[in-house]
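Could you build all of it, start to finish, from the sequences and the hints given here?
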Amino acid sequence: MGNANRYIVDAAVLPEIFLRVSEAKEYLQTGAARTVADAAAMAGVSRSAFYKYRDAITPFRDMKRDSILTMTIITQDRPGALSSVLAIFAESGANILTINQTIPTNGVGMVTISFTTENTALSPDALCARIESLPDVSRLEILAG
1 MGNANRYIVD AAVLPEIFLR VSEAKEYLQT GAARTVADAA AMAGVSRSAF
51 YKYRDAITPF RDMKRDSILT MTIITQDRPG ALSSVLAIFA ESGANILTIN
101 QTIPTNGVGM VTISFTTENT ALSPDALCAR IESLPDVSRL EILAG
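Everything in the sequence shown is counted per our numbering, starting at 1 for the first residue and increasing by one.
Treat the hints with care, as some may be off.
Taking CB as the label site, the calculated pair distances span [claimed, not checked]:
#1 P135 to A41: 55 to 61 Å
#2 I68 to A129: 16 to 22 Å
#3 I68 to G107: 29 to 35 Å
#4 V36 to E118: 27 to 33 Å
#5 M42 to A129: 44 to 50 Å
#6 Y7 to Q29: 19 to 25 Å
#7 L19 to T105: 48 to 54 Å
#8 R34 to G80: 37 to 43 Å
It is worth saying that the hints were derived from the structure and are not from the lab.
We treat Cβ as the ideally placed atom computed from N, Cα and C, and that holds for glycine.
Structure follows, in structure tokens:
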């Protein structure tokens with residue numbers, strides 16, 4: 001399948017085997033099934049069908065539904081600076097995907113945070129404004145999203 005073409009196809013027109021293999025993959029990813037044999041049985045497919053089609057089917061996630069933003073925040077190197085930033089994320093209901101923090105130098109540190117905005121109570125602009133208003137935040141920049 002090295003240079004295979006990719007298509008977005010409505011699930012309603014796919015053969016049922018693809019949907020069941022996708023279901024089995026989800027059982028494995030979520031931990032609902034511990035082994036391929038268990039996942040295949042739960043989805044109602046044979047293990048051989050699972051292995052035959054597992055790399056051929058991958059669900060497409062609606063990017064508007066799962067908008068991901070990445071921001072870099074420069075903070076003062078003080079105890080609780082990052083904690084106050086993360087508290088705003090927690091209060092807003094944002095789902096943090098990654099946090100990367102550098103070792104502080106010259107009294108400042110940098111943290112890069114990626115998060116989904118799907119269930120966030122605040123708009124991205126309002127979230128940024130709240131973070132920027134913190135006394136230990138020097139700068140905030142949106143990198144992607």
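Outcome of the hint check:
Checked against the hint of 55 to 61 Å, the C-beta distance between P135 and A41 comes to roughly 57 Å, which is consistent with it. Distance hint check for I68 and A129: the Cβ-Cβ separation is about 20 Å, which falls inside the suggested range of 16 to 22 Å. Range check, I68 to G107: about 31 Å between beta-carbon atoms, so the 29 to 35 Å window is met. As the Cβ distance of V36 to E118 is approximately 30 Å, the hint placing it in 27 to 33 Å holds.
Between M42 and A129 the beta carbons are some 46 Å apart, a value that agrees with the proposed interval 44 to 50 Å. The hinted window of 19 to 25 Å between Y7 and Q29 holds, with their beta carbons roughly 22 Å apart. Checking the proposed 48 to 54 Å range against L19 and T105 shows it holds: the Cβ atoms sit about 52 Å from each other. R34 and G80 have their C-beta atoms about 41 Å apart, which keeps the hinted 37 to 43 Å range intact.
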